[in-house]
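Make the complex out of the two chains shown on their own, each in a separate frame, by following the hints.
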Amino acid sequence: KAGVTQTPRYLIKTRGQQVTLSCSPISGHRSVSWYQQTPGQGLQFLFEYFSETQRNKGNFPGRFSGRQFSNSRSEMNVSTLELGDSALYLCASSSGGATNEQFFGPGTRLTVL
Amino acid sequence: GESVGLHLPTLSVQEGDNSIINCAYSNSASDYFIWYKQESGKGPQFIIDIRSNMDKRQGQRVTVLLNKTVKHLSLQIAATQPGDSAVYFCAENMSGTYKYIFGTGTRLKVLA
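Line by line, the protein sequences are chains A and B. Under the numbering used here, think of the first position of the first sequence as 566, with each following residue one higher. Under the numbering used here, think of the first position of the second sequence as 8, with each following residue one higher.
By construction, these hints were calculated from the structure, which means they are not laboratory data. Small disclaimer: the values here were computed from a predicted structure and weren't measured. Yeah, the Cβ is synthetic: ideal placement off N, Cα and C, and Gly gets one too. Among the clues, some could well be false.
[Stated by the list, open to error] With the Cβ distance kept under 8 Å, some of the chain B side facing chain A (calculated, not the full set): (1) P51; (2) K63; (3) G112.
Chain B extracted, bound-state conformation (with noise of 0.2 Å):
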């Protein structure tokens, strides 16, 4: 497949266990937060969002954290999964600029 990121930071995790993956972002003033998945040879997929006046929001097997003081985002994912290794980017939208600067991405290995 192609080659998403040759240096990215990776993340190895158990079968089972929790992933914490996390993303420090650039605009103090973003207020719009997507994490997204890659998987070789395709285009990101949406995984789970959150805005700005929330510190926390839950999906199925994730949850993303946002922390505005220091500007960081985080995405746990439970019982984390074979089918969830992939390249994982956070991407911040700040209203009104129809813009997402994305991260440089993690790349995510779950041992068997």
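One chain only, chain A, in its complex shape (with noise of 0.2 Å):
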């Protein structure tokens, strides 16, 4: 069974612009979580998708946002960027019970220059 795959792997961005990752989670599992991971902050909730609806965000700006698909792919966008918004941003999937081993993809380096 193929693993959770994040495309792309590295991305480089200027302050202002906008972005848009991808993340394709295990076949059958239904629930895409999105985390940041910075050297200062470590892993933090971005916000959970399952059956394309949000069950729960973490505590950051409006500029993050996600979707999911009806066929539980998702999609995070930032948008304006920001210095401080390079990091690794981690995806993983779930079958998306109240508490589910969470498998993550390799991640997505983003570096806002």
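If you want it as structure tokens, here you go:
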């Protein structure tokens, strides 16, 4: 069974631009979560989607948004990029129950110049 | 590779020794916990999990201990190997929140 895939793996943008990251969960998994990882803040929860519905979100500004499609694939978008948005963005999938093993993808490394 | 954390606490152990990595979790209502291993340039890899109705769970070379009284989780790795060198995170979840809170991580260095 293929693992969680994320595209692109690396991305360089400039301040003010917007970016869209993509995540394909493990086949059969309906829940997708997004995390931001930085050296200073560690792993921080962005949001979680299940069956195209956002069930929870973290404490990030509205510039961070996401969505999930009917095939469970998910995208996250960051608008008006800031230097501080430079991070590793990780996607994790699970079957979607209240507590389930989460499996992570390799991440997308975003650099904002 | 990518730097997971520049100022993480570091545990250095001799190859073949046992390692114990500790984690203090934040929410007394959390009822599900996972330990992850993250190697440079990769996403976190699931190691072992435990639910709050247990205080110990064993896997292959790994054991997780849960002490709900003091909100403490530990990961024990037996016969530590060079391939165990990585950053280890604990994550906690409260049923129905669909959200995991991660600890700051511990860097494990295995000395040959």
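A quick look at each hint next to the structure:
| no. | hint | verdict |
| --- | --- | --- |
| 1 | P51 | holds (5 Å) |
| 2 | K63 | violated (18 Å) |
| 3 | G112 | holds (6 Å) |
In summary, the one numbered hint that this structure violates is 2.
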